[in-house]
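Student: Chains as they are written, first to last, in our numbering: chain E, 1 to 995; chain V, 1 to 532.
It is possible that some hints are incorrect.
Residues from chain E that face chain V, not an exhaustive set, calculated with beta carbons under 8 Å [stated by the list, open to error]: (1) THR71; (2) ALA72; (3) GLY543; (4) GLY595; (5) LYS597; (6) SER651; (7) PRO653; (8) GLY691; (9) GLN717; (10) ASN787; (11) ASN792; (12) ALA893; (13) TYR894; (14) SER911.
No more than 25 Å apart at the CA atoms, straight line, and that leaves these computed lysine-lysine pairs for PhoX-like [what the hints assert, rightly or not]: (15) E/LYS964 <-> E/LYS264; (16) E/LYS597 <-> V/LYS47; (17) E/LYS550 <-> V/LYS25; (18) E/LYS120 <-> E/LYS241; (19) E/LYS463 <-> V/LYS47.
Since the hints were made in silico from the structure, they are not lab data.
Only a predicted model underlies this, so the values are computations on that prediction, with no experimental measurement involved.
Think of the CB as a built atom: it goes at the ideal place given N, C-alpha and C, for glycine as much as any other residue.
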Amino acid sequence: MKKTTKKIPKFFPVLLLFLLTAFSALAQNAITGKVTDSKGNPVEGVTVTVKGTTVSSQTAADGTFKISAPTASPTLLFSSIGFGLQESKATAGNAVTVRLIESNQQLNEVVVVGYGTTRKKDLTGAVTTVTAKEFQKGNITTPEQLIAGKVPGVSIISNGGQPGSGSTIRIRGGSSLNASNDPLIVVDGIPLDANGISGASNGLSFINPNDIETFTVLKDASATAIYGTRGANGVIIITTKKGKAGGLKVNFSSNTSWAEITKKVDVLTGDQVRSVINAGGNAQQKSQLGTANTDWQDAIYRTAVSTDNNISLSGGIKKLPYRLSIGYAYLNGVLITDHLERQSASLALNPVLLNNHLKVDINVKAIAQKARFADQGAIGGAVSFDPTQPIYSNTKRFGGYYEWLESNGKLILNRPNNPVGLLEQRYDEQNPMRSIGNIQLDYKFHFLPELHANVNLGYDVSKSTGNVFISDSAAVAYKNDNPYQGGVKNFNKQRKLNTVFDFYLNYVKDLSRIKSRIDLTAGYTYNNYYAKNYFYRGYTANGDTVLGTKNPDFLFDEPENTLIGVFGRLVFNFRDKYLLTATVRRDGSSRFAEGNKWGTFPSVALGWKLKEDLFKASRVVSDMKLRVSYGITGQQDGIGNYSFLSSYFLSSPNSSTGFGNTYLQTYAPSGFYAALKWEETTTYNAALDYGFFNNRITGSVDVYYKKTKDLLNLVAQPAGNNFSAYVLANVGDMENRGVEFNVNLQVIKKRDVSLDLNFNTTYNRNKITNLTPIKDDPNYIGQLTGNAAGVNGFIFLNAVGGPRSTFYLYRQIYDKAGKPIEGLFEDTNRDGIINDKDKYKGQSADPSVFYGFSANFTYKKFNAGFVARANFNNHMYNNVFSNLGRFNQVAGAYTIGNASTNYLETGFQGSTDVQTSSDYYIQNASFLRMDNINLGYNFGKIGKGQNFNIRLIAVVQNVFVVTKYSGLDPEISGGIDNNLYPRPRVYTLGVNLDF
Amino acid sequence: MKNNIKILAAIPLFAFVLITGCTKKLDLTPTTGLTNNVVFSTPLGYKQALAKLYGTMLTTGSQGPGSGDLPSQIISDAGNSDFYRNLWYLQCLSTDEAGWTYSNNTDPIGIHQLNWTSVNFSVKCIYYRAYYIITLCNNYLIESTDDKLATRNITGQDATNIKLYREEARFVRAYQYSLLMDLFGNPPLVTDATPIGSNSFPQQVGRAGIFDFVQSELQAIETTLPEPGTNEYGRVDRAAAWSLLARNYLNSEVYTTIPNYTEAITYSKKVIAAGYSLHSDFKELMLADNELNTNEFIWTLRYDGLSTQTFGGTTFLIHGPAGVPGSISGSSGTWNCIRVTQQFVGLFDNQDIRGQFWTSGQSLIMGTLLGDATQGYSSTKFRNVTRSGAIAPNIDIDKTFSSIDFPVFRLPELYLIYAESVLRGGTGGDNATALGYLQQLAVRGRPTDANAAAFAELNLQYILDERGRELMWEGHRRTDLIRYGQFTTAAYLWAWKGNVASGTAVDAKYNLYPIPSDDLTSNPTLIQNSGY
């Protein structure tokens, strides 16, 4: 069962070739010299350029350099990160010595944090920023994929290969079991609605990845507590590109990509099904056998070609810096009929008025999508449909697709439909539109320039319309006795309007008398999330109403929730060495009953720049900072808007009760939990930021401990106590502890050659410490969770003392040959009966450690890079094996089906409902995935006197996966492998023009 | 510096004004959801809530045939979660009355073989369905007290009607506890004395304790429910309460170890004396227009092809039987699930029409249980056609949903209770009357037999067999076999009992179903039935 997927990246030989060619330099006027810092220490890696030319060189470890200038006494320019640009006259033959001045520019570099910015050097929280040049490359259809593998502590797993589909993002493992583990995402100051947009597979796909400037990931409570009831799962702040004053700059980029699946689910061939049925089937089944050998998976997948084109204009009209971008992407899925068309426009205006006292930022982004969603049921359908049948029937019935028919020619009911027919005959067409915009005014008081008033008004509006059409001749919606009443024509519509109003005052003052700097912020925020979901009745393909249905009782529903918060932040810097950040937020939410609406979320963090006190003179240690933080954050997403109330619902007309001559629609109450409140996480973080060898090596180590209380758990209610057998209640406690390590290496930093490496790793251990109203209730084994296909009950147990998503299954017994024996399990408690009590707590689905590794290499005009990710000790329940690896999958139903090839190994019949609850199906799914290999060539300036720059890029995504896991893909969020939309391998060629 | 202080002082004041101005916005309620005070503000609302007490015994959920009242933690396939289909699995499929063709995971695996565990979905489904109904009933009783009616300004005839609805809620609750007592032995007891949503643990009171609760409740309402046959069709009356009392007393020895056949006779006589009569044609009992049979039917579960749609109930009894063409069953066709064991077929001779077996394409002997729908006869007892033979007029376009009503109680059961109780030593009845009742059933069941009356015998085994013939698939068989000591023992074997083709005895623990594992964990006071 050991299989390894490995493919030599196609670009490696090419890369090698480039490395071996082209080394030519013509010496003219050799100039030598040495570069030091202000204290006289040599500085390595300083770029030395002859002014007015492109001739340049770099300093060696001892600070010396050598450059060949076209003239005898040129002016040299010296530049290096952390230092100001310096000019110096030089003469051939006379060694020059240049002393660089440390640049304040870098020291004042700012980082976006919640409600404002802070100087990077003042940071005390766990914050990671990823900028555009570090983003993943290739056919990136949704923003979060830009930073996959780039940030320690952040796991981003795409939900499958559908274009535009979303990802499961976890920052430090998340802090919830049953509410949301998704981080809060803030785009240009607008916290996005945690719920998606109807008609789109992923709300984030409405942000064009090309418009994004930076991602800032806030991880610890010092950074996130200012987001109050939404901070516990971390916060991702996305900042989009702004206008830059100056002449018109145009950027055009165009990508074309080819995607293909890398692997199929192994199932029986037509011949194998024939031999299985002929050996063990009954007469009826034998008579059903066809003569074909159809590979249904080949039939539903294709090589998908997609394009993505973007153009942006930026510059300043008089004093109005602007940036305008327009994008058009046409993305095809590897599953036939699946496609997404996306038009986007984004405008940023960034004027500074009133003699630099009023900064205005206006951002408007709009995206219209047009999608046809493939029926993903065909993915599982293609795996289990009878391979002895042909795709096409050679008749006109059911669109020409083979379908299961009775001997009288009628369609057999409730049987699988032809997967190709399912796809081709379903038109699920959606047209969602979304616009996000804000205007932010930052006013520096005339009489008191240390004080800024900041107002942010934002909106996030969307409108989705769509319809699903299935023709009345399609088998999936066919009506045997009245074909004209068949088919489907359904409509959907949704509007959303989210509004944001923030106001804060920011006071920054250097108190030089006490060698301190104070940065104080206090503000108010109002967020409202409103949606209007329309309800429609069902229609047949020809537009008739479906018999027996009535108009919906309500034409629409208007769920809404509101958050109001006040917040404050103090950043105190003493002697540029000792740092303090304290924040507090008081948050009110409409999602909870009176008495539970308001909460207070404080945090405090301290920083100590060890470099200044302990390594001042060190030439090895260029930077060192110790940070510790503590804070409390909340979590209210994933909790229903009105879950604290018991609501009654009127039944649909076809669920009425007859009394006498009338049918009454009934009223039924929902389960409820009146004492509902947010989950609360206390986080401790300790970290060391380091830089060595003039910051050629930088990075950080963070250690954290998060403790969540009032954890929502879906608690089985004692039968008879509530309207639902399970309700969400705030009963549990959970811990996450972990270590994050990040290192950036500038391995080579020369004039023509550079090599940057980044390595990050995250260890996270999750432990549930309580789940019951009465602590340590010995009768409560834990929360059973995880629906897998074909399993009676659940496969995971969230139990006290262990991590979440712990497999809870029977221990399989094997025969002497090592073959599992169907339905035979170990009686682990030795009580003579095999029942639930014999299930045991096994591995966890989540990885214990995960890694990201990326490299960027430049040589002259070439650049190349890769991003790889790895998970260690994640486990997968192979649901394809368990649900499909048995005889009755072929012959257990009224028509023949297909089975996983695992059946050939086990010979399981499928006669017991417990076999699927076996640990036989758990596999270690550790993997190494080469996410991305890219190669670029920069032609540089082209044309005489023209600033015309062309870059070409070639990227392969999902290059290879190394794993022992036997299923389709070892990386599936949730640990259950069943009918994943396959992640394709994608080849992209792109061109980028700047002028 | 003065300005600085002013500004800094202004910040909290500014915040204060904003907060006080906007907190109202935090009080949001659903625009289309309804709270209890809205639902129970009108007499019609009370009636629609009462309709749910009955409706949850009909449909799987409130929002059409795929919706579920029970959460997916209990049953993952909501369409499979209705009341009678799962009761049928536990009461009929577990016996000689039926075997099941398929063994996919949405199928009732192991039920016919008498091999189930505390996670079996049908077991869980009935248990949690019953407690869902009980909770609705308790809530109904809480919401309909005199005080509540007074505060809601409901008076006069409206208040009188609602007081009657209360009594029906008590009946429905007693019926559900009866089933729990029969199936699970010692289920926990919770009444309207406990507020909904509290953190208390319902306590087990023993099987006899449930028996006492149920019988006393029924005796309390037997005088307040409407006279027999006077309530709206589909709702219960006194005769339903008497029927349930009689049924429970018949099984009193099983439930409490103390026999009480005398009371069984008392209550069966009350029903019989209420004026019910047998409908002339047995084959017309389970048709789409069987609401016409109110002379025989005491209380029915009302299904309708358009208004009350479910994949369970009688819909399942028209599609389930193997091999029966749609033209016969009055539907889109068969799901090929259900066949009858040859032992059960053997209870019927050629003259007995009540089995209405479908033999075309079917073999008598159930040599194979799984995977072959042709082994074992099938039955056309339930047909979605009217007396005239036409398909039910109110059928959905797919011809999926049945309009056959299911009689929970009908007169013959009371005849049979009377006869058996007399034979088992109860007082208040007599042999001649008992034999007379058996003869009436035999005459109707054997229309071409000139000596049909002579077929009837007054002995216990005859009564068990006759119950099988008369009440096949009506949810009685397991209880009957247990009362006769034949369910788990070797005294009576049928095909695939104990997962052996010829049948074998099984552990006596299977006389009870296990309390679902979910409730054992949520209610630590519960004690599981022995052996599970």
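Student: Indicate, hint by hint, whether the structure satisfies it.
Tutor: Do the hints match the structure? See the list:
1. Here the hint on E/THR71 is broken, as its CB sits about 57 Å from the closest CB of chain V, past 8 Å.
2. Here the hint on E/ALA72 is broken, as its CB sits about 59 Å from the closest CB of chain V, past 8 Å.
3. For E/GLY543, the interface hint is violated, the least distance from its beta-carbon to any beta-carbon of chain V being 15 Å, above 8 Å.
4. Given hint, E/GLY595 at the interface with chain V, is violated; its Cβ is 12 Å from that chain's nearest Cβ, farther than 8 Å.
5. For E/LYS597, the interface hint holds, since its Cβ comes within 8 Å of a Cβ in chain V; the closest pair sits about 6 Å apart.
6. Using the Cβ-Cβ criterion of 8 Å, the hint placing E/SER651 at the interface with chain V is satisfied: the shortest such distance is roughly 4 Å.
7. With its C-beta approaching chain V no nearer than about 7 Å, E/PRO653 sits inside the 8 Å limit, and its interface hint holds.
8. Proximity of E/GLY691 to chain V is violated relative to the hint, the smallest CB-CB distance being about 36 Å (cut-off 8 Å).
9. Taking 8 Å as the C-beta contact cut-off toward chain V, the hint placing E/GLN717 at the interface holds, the least distance being around 6 Å.
10. Of the supplied interface hints, the one on E/ASN787 holds, with its beta-carbon coming within about 6 Å of a beta-carbon of chain V, less than 8 Å.
11. The restraint placing E/ASN792 at the interface with chain V holds, with a minimum CB-CB distance near 6 Å, inside the 8 Å limit.
12. Annotation: E/ALA893 was flagged as interfacial toward chain V, and the flag holds, the nearest CB pair being 6 Å apart, inside 8 Å.
13. Given hint, E/TYR894 at the interface with chain V, holds; its Cβ is 6 Å from that chain's nearest Cβ, closer than 8 Å.
14. Of the supplied interface hints, the one on E/SER911 holds, with its beta-carbon coming within about 6 Å of a beta-carbon of chain V, less than 8 Å.
15. Taking the CA atoms of E/LYS964 and E/LYS264, the gap is near 16 Å; set against the 25 Å cutoff, the hint holds.
16. Among the hinted pairs, E/LYS597 with V/LYS47 is inconsistent with the structure: their alpha-carbon atoms are about 35 Å apart, more than 25 Å.
17. Simply put, E/LYS550 and V/LYS25 have alpha-carbon atoms about 35 Å apart, too far for the 25 Å limit, and the pair is violated.
18. Taken as a hint, the E/LYS120 and E/LYS241 pair is honoured in the structure, with Cα atoms around 20 Å apart against an allowance of 25 Å.
19. With a CA separation close to 39 Å, the supplied pair E/LYS463 and V/LYS47 exceeds the 25 Å bound.
Consistency with the previously given hints fails for numbers 1, 2, 3, 4, 8, 16, 17, 19, ordered from lowest to highest.
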